[in-house]
Amino acid sequence: MYSEKVMEHFRNPRNVGEIPDADGVGEVGNPVCGDLMKITIKVEDDRIKDIKFQTFGCGAAIATSSMVTELAKGLTLEEALKISKQKVAEELGGLPPQKMHCSNLAADGLRRAIVDYLKKSERMDRIKELGLEKELEKMEKGELDDHGELCEGV
Amino acid sequence: MYSEKVMEHFRNPRNVGEIPDADGVGEVGNPVCGDLMKITIKVEDDRIKDIKFQTFGCGAAIATSSMVTELAKGLTLEEALKISKQKVAEELGGLPPQKMHCSNLAADGLRRAIVDYLKKSERMDRIKELGLEKELEKMEKGELDDHGELCEGV
Amino acid sequence: MAYFDYANGCPVDERVIEAMMPYMTDEIGNPSSVHSLGLKARKALDDAREKVSMLINGAEGDIIFTSGATEANNLAIIGYGMRYKRKGNHIIASSIEHMSVINSCKFLQKNGFEVTFIPVDRNGIVDVEEIEKSIRPDTILVTVQHANGEIGTIQPVEEIGKIVKEKGVAFHVDASASLGKIEVDVERMGADLVTLSSNDIYGPRGVGGLFIRRGIRVQPIIVGGGQEKGLRSGTENVAGIVGFGKAAEIAKEEYKEEARREEKLRDELIARILEIEETYLNGHPELRLPNNVNVRFSYIEGESLVLSLDMEGIYASTASACTSKTLEPSHVLIACGLKHEEAHGSLLFTLGKGNTEEDIDRLMEVLPKVVERLRMMSPLYRKSKGG
Amino acid sequence: MAYFDYANGCPVDERVIEAMMPYMTDEIGNPSSVHSLGLKARKALDDAREKVSMLINGAEGDIIFTSGATEANNLAIIGYGMRYKRKGNHIIASSIEHMSVINSCKFLQKNGFEVTFIPVDRNGIVDVEEIEKSIRPDTILVTVQHANGEIGTIQPVEEIGKIVKEKGVAFHVDASASLGKIEVDVERMGADLVTLSSNDIYGPRGVGGLFIRRGIRVQPIIVGGGQEKGLRSGTENVAGIVGFGKAAEIAKEEYKEEARREEKLRDELIARILEIEETYLNGHPELRLPNNVNVRFSYIEGESLVLSLDMEGIYASTASACTSKTLEPSHVLIACGLKHEEAHGSLLFTLGKGNTEEDIDRLMEVLPKVVERLRMMSPLYRKSKGG
Ligand SMILES: Cc1ncc(COP(=O)(O)O)c(C=O)c1O
Ligand SMILES: Cc1ncc(COP(=O)(O)O)c(C=O)c1O
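Protein chains in written order, with our numbering: chain A, -5 to 148; chain B, -5 to 148; chain C, 2 to 388; chain D, 2 to 388.
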């Protein structure tokens, strides 16, 4: 089912854990659907200095989380925002079709962590610049990410 | 499919052939249905002195023909008329259900041979006594035996 | 290596393979052929039919061989429903039936039938009173599995059979998961149609059967040359059917002792797994297949558990193997009232002839570590621990 | 012993058995299981699918594995018909299709379809013009077999495929009898659905397949866990499918040479049989499967011929093996215009890998005597000779 690369990340996930005094926190997914992810980031000079994840979910969920943290580490916020689900899947050598949407959430989690950081550091201008107002709105309303609606269990 | 007894009669059919100056001849079946039998008998003192058969048909048709000739040889006409299809099948150790009706004609052939003998020897009284008028009527009209109607091919 | 996935895939018994082999190489007659090789093939089918019948006390009916339990369930439910739809178009099924039963019911729904799905309790036992209450004048069939392949729960089929019979309704029992594990006696069950599976008793895959009680009719779902008394066309898979027969013969002889052995392993395994904190048993604690262990671990997800065990050469599964595209958790666990996240965290171990004490030791060496590792990765666990 | 009944039962190639064996004993994962044994099983299925696809030039579609050709024909015709019944409810079939096709058509008839059966000529060639004329705006499917298993006649499927495609109608070809005997190329045929059989190419029984061209949809006839992309539920018979794949691989490599060999034997056999007086060939003299010899002997009946040959260790048959309860002669021969008594007197020899010159010598030693003996017993023969 899974590519070797997926299994490699599943076996040896990078950057597992939680940054204690994180600058930004992003949470996506819903345990009801079988997937929940939490991304914590440390930012310095608009660059992702450190990043960690925690994931409840299937093999794909864990591997994509790991891959996203690896891709994002060291990037500027703007660069990090460009990491798409597609990119994550590609870097992992592909994902089974039924896993593409539900278990490939980590890019969304990273986005939310970045929004959270910008919000906490009161940089609404930057949020606007980067077109992240909608995401912020959703987060403030406690709305689920898109994926939540896909999950029939909710 | 067939019992050992059926196969034995098929392999070594008794009384194959045609009595040249037969006293009675009975024909049943229809090649269209895949079965045709001809029974010839020689009668002496109302007893079947000799009997022979010819059959176009499947294994069951040949075996039942052979069995009927074996059963009938030496019997009085009255006794011979009591040989039923059921009896023939039993003596052969049973027949497959789909072969019971269409391929088990020889008893009918024997019956017709007896009627033919009685008719030829102008013993209409005996025909009446033995309840064979209907059979005679059918034969004179050239009607098929019951089996002909069973056969969808006709 | 330790294999705990017997419910999803069984090796074929060596004696079964031996019995099958001649029918692949030499005894290749078609059972419909008139010649003696055909006759031998026909006899082999009859012989297998007899052996399967003996295993289930099936003298009062006939076995129709199919390509597996799924097809047999389709033939039983769709075949019976379509045959008798003039008599009534309501059928009743438990809510934890295998998908082949559920989807056969749904097929009938699309063809004008009404289906009542009966709930089960937390242990997976079907609500018998509710079945009784649901039977209406237009009910023609009740279908309840003998045991569930996923949670192992054994249903009170005898009791249900009595009720159903009293109401003059036909009773179908899917015994695929129970055959060769516990007693399957079609008379005691009072069943009219019983689904059987070959691979579950160490016979080959691609073979199954449907017991049909004398007097009960079904409409075929595969039509053609009229094999299997017109109820299942297609050249008979003689080697496979012979294998199923041999497997049934062996099962009759050996299953009770093996079940006792597996039951002990099962109980030990359950006890040891439940020592892991926040771990719970799914299914009924007693009315349970002797080879079934289904547990859930809070905070973690089943597939990642399966993959983690796989890395250590231990084979388990999340649920009954079907190719769910929706990523939804098992409908069986949800029907038992588990929350979605609980269902997602469930793991299924099914034991078989090959399992030993050592397998369990090996598993228990690995499992607690794997659970711990995944929990440490899980945001839920941290939260619950006051994160 | 001399076996001439390959069309009704083939031995499984030893290399095929060897390929299957691991999947019965060790590689027992369920293709739907997540762990690595499941993955191996899944890969084995994909690999088999690829091999079967290669044999038929099937890259433009997919293979759905079934329990045999009969099920594949049901899936193609009933499955396509029920899926597209809103588009139209007329289908067209030749009148010499296998019973699994004919009865699938009849199933559709009972469900509101109209079926036009197209006549064939004395050699069994379907009337192509008649097909063209019969296509109406509500025609959704045309089904014509590639070759007939009984009389061996090969149909002009390419020509038919072109006509059918021009009219925008789907085209189903039953290639069970032709696969591995002559070239089966789904592209050249222009076929959308193609039925395949494993045993006919020395694979195991109980396995078959349906090629489905990309974009073509069918409704499943067996429902459940959603295996085979939802089109054929039930745990996959992995060993059987692997065997089919291996058989396809071998066939691709070897069938042409073997066909040439069998063709020579066939021609010799036909020539020698026709030396027996009042003996005639059924089917087409040239457009004929390389392994098919179907002849009729005046004045005698086929079954008694088969039994007589059987006594000498020679295995032949009367027709396609199906369990006809009616004792009616082959619908194929009747459709070719034979009289019933001619059809009853027909005999089928089908050659295979095991046959040699010696088999033919052995047969020809026995056959004339057997024919003579049965003719001497036949009242028809005596009559014709002036009795
Ligand atoms: C209770 C039950 N019924 C039916 C089936 C279907 O069996 P198969 O996939 O072999 O057709 C299963 C398979 O796991 C089962 O557990
Ligand atoms: C042309 C054709 N189609 C279909 C079939 C059915 O094959 P099976 O009985 O293996 O399902 C046959 C079998 O002889 C055949 O010759």
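Keep in mind that a hint or two might mislead.
Stated by the list, open to error - If the Cβ cut is set under 8 Å, some of the chain C residues that face chain D in the computed set are: (1) Pro23; (2) Met25; (3) Gly69; (4) Ser101; (5) Asn112; (6) Val116; (7) Pro120; (8) Asn124; (9) Ile126; (10) Glu130; (11) Pro205; (12) Gly216; (13) Ile217; (14) Ile277.
Stated by the list, open to error - Taking lysine to aspartate or glutamate pairs in the DMTMM-like style, the calculated list, with each CA pair at most 20 Å apart, reads: (15) Lys44(C) / Asp360(D); (16) Lys(-1)(B) / Asp40(B); (17) Lys41(C) / Glu313(D); (18) Lys114(A) / Glu(-2)(A); (19) Lys43(B) / Asp15(B); (20) Lys122(B) / Asp44(B); (21) Lys46(B) / Glu64(B); (22) Lys113(A) / Glu21(A); (23) Lys41(C) / Glu(-2)(B); (24) Lys354(C) / Glu329(D); (25) Lys81(A) / Glu(-2)(A); (26) Lys41(D) / Glu28(C); (27) Lys257(D) / Glu313(D); (28) Lys41(D) / Asp63(C); (29) Lys(-1)(B) / Glu188(D); (30) Lys111(C) / Asp128(C); (31) Lys354(D) / Glu19(C); (32) Lys46(B) / Glu373(D); (33) Lys257(C) / Glu287(C); (34) Lys41(D) / Glu(-2)(A); (35) Lys(-1)(A) / Glu28(C); (36) Lys41(C) / Asp311(D); (37) Lys41(C) / Asp15(B); (38) Lys44(D) / Glu127(A); (39) Lys41(D) / Glu51(D); (40) Lys230(C) / Glu188(D).
Hints are computed from structural coordinates only; laboratory data are not their basis.
All values reported here derive from a predicted model rather than from experimental measurement.
Yeah, the Cβ is synthetic: ideal placement off N, Cα and C, and Gly gets one too.
The hints, checked one at a time:
At its closest, the beta carbon of Pro23(C) sits 10 Å from a beta carbon of chain D; the interface hint therefore is violated under the 8 Å criterion. Given the 8 Å rule on beta carbons, the hint for Met25(C) holds: about 4 Å separates it from the nearest Cβ of chain D. With a cut of 8 Å, the hint placing Gly69(C) at the interface with chain D holds, because the nearest CB-to-CB distance is about 5 Å. The beta carbon of Ser101(C) is positioned within 8 Å of a beta carbon in chain D (closest approach about 3 Å), and the interface hint is therefore held.
Hint on Asn112(C) is violated. Least Cβ distance to chain D is approximately 10 Å, over the 8 Å limit. Look at Val116(C): its Cβ only gets to about 14 Å from chain D, farther than 8 Å, so that hint breaks. At about 22 Å, the closest approach between the beta carbon of Pro120(C) and any beta carbon in chain D exceeds 8 Å, and the interface hint on this residue is violated. The criterion of a C-beta within 8 Å of any C-beta in chain D is not met by Asn124(C), whose closest approach is roughly 24 Å, and the hint is violated.
A cut of 8 Å between beta carbons decides the hint on Ile126(C): the least distance to chain D is about 24 Å, and the hint is violated. The beta carbon of Glu130(C) comes no nearer than 29 Å to any beta carbon in chain D, farther than 8 Å, and the hint placing it at the interface is violated. Of the supplied interface hints, the one on Pro205(C) holds, with its beta-carbon coming within about 7 Å of a beta-carbon of chain D, less than 8 Å. A distance limit of 8 Å between C-beta atoms decides the matter here; for Gly216(C) the minimum to chain D is near 20 Å, and the interface restraint is violated.
With 8 Å as the threshold, the beta carbon of Ile217(C) stays out of range of chain D, its nearest partner Cβ sitting at about 20 Å, so the hint is violated. At a threshold of 8 Å, the smallest CB-CB gap from Ile277(C) to chain D is about 20 Å, leaving the interface hint violated. A hinted pair counts as satisfied when its Cα atoms are at most 20 Å apart, and Lys44(C) with Asp360(D) does not qualify at roughly 27 Å. Annotation: proposed proximity of Lys(-1)(B) to Asp40(B) is violated, straight-line Cα distance about 30 Å (limit 20 Å).
Straight-line distance between C-alpha atoms of Lys41(C) and Glu313(D) comes to about 16 Å, which keeps the hinted pair within the 20 Å bound. With a C-alpha separation of about 39 Å, the suggested pairing of Lys114(A) with Glu(-2)(A) is violated against the 20 Å cut-off. For the hint pairing Lys43(B) with Asp15(B), the CA-to-CA distance comes to about 13 Å; that is within 20 Å, so the pair holds. Taking the CA atoms of Lys122(B) and Asp44(B), the gap is about 24 Å. The hint is violated against a cut of 20 Å.
For the hint pairing Lys46(B) with Glu64(B), the CA-to-CA distance comes to about 9 Å; that is within 20 Å, so the pair holds. Pair hint Lys113(A) plus Glu21(A) holds up; C-alpha atoms about 15 Å apart against a cutoff of 20 Å. Note on Lys41(C) and Glu(-2)(B): the hinted pairing holds, with a Cα-Cα distance of about 13 Å set against a maximum of 20 Å. Straight-line distance between C-alpha atoms of Lys354(C) and Glu329(D) comes to about 50 Å, which puts the hinted pair past the 20 Å bound.
The straight-line distance between the Cα atoms of Lys81(A) and Glu(-2)(A) is roughly 17 Å, inside the 20 Å bound, and the hint therefore holds. Proximity of Lys41(D) to Glu28(C) is assessed by CA-CA distance (about 32 Å); at most 20 Å being required, the pair is judged violated. For the hint linking Lys257(D) to Glu313(D), the alpha-carbon distance of about 32 Å lies beyond 20 Å, and the restraint is violated. For the suggested pair Lys41(D) and Asp63(C), the alpha carbons sit about 37 Å apart, so the restraint of at most 20 Å is broken.
Between Lys(-1)(B) and Glu188(D), the direct Cα distance comes to roughly 54 Å. Violation of the 20 Å bound is thereby established for this hinted pair. A hinted pair counts as satisfied when its Cα atoms are at most 20 Å apart, and Lys111(C) with Asp128(C) does not qualify at roughly 26 Å. The hinted pair formed by Lys354(D) and Glu19(C) fails the criterion: a straight-line CA distance of about 24 Å is larger than 20 Å. Proximity of Lys46(B) to Glu373(D) is assessed by CA-CA distance (about 18 Å); at most 20 Å being required, the pair is judged to hold.
Our distance criterion of 20 Å between C-alpha atoms is met by Lys257(C) and Glu287(C), whose separation comes to about 17 Å. Only pairs whose Cα atoms come within 20 Å are accepted, and Lys41(D) paired with Glu(-2)(A) is accepted, the gap being roughly 14 Å. For the given pair, Lys(-1)(A) sits about 49 Å from Glu28(C) by alpha-carbon distance, which is inconsistent with the 20 Å threshold. Restraint check for Lys41(C) and Asp311(D): satisfied, since their Cα atoms lie roughly 13 Å apart, inside the 20 Å limit.
For a cut-off of 20 Å, the pair hint linking Lys41(C) to Asp15(B) is broken: about 45 Å separates their Cα positions. Proximity of Lys44(D) to Glu127(A) is assessed by CA-CA distance (about 46 Å); at most 20 Å being required, the pair is judged violated. Restraint check for Lys41(D) and Glu51(D): satisfied, since their Cα atoms lie roughly 15 Å apart, inside the 20 Å limit. With a C-alpha separation of about 38 Å, the suggested pairing of Lys230(C) with Glu188(D) is violated against the 20 Å cut-off.
Consistency with the previously given hints fails for numbers 1, 5, 6, 7, 8, 9, 10, 12, 13, 14, 15, 16, 18, 20, 24, 26, 27, 28, 29, 30, 31, 35, 37, 38, 40, ordered from lowest to highest.
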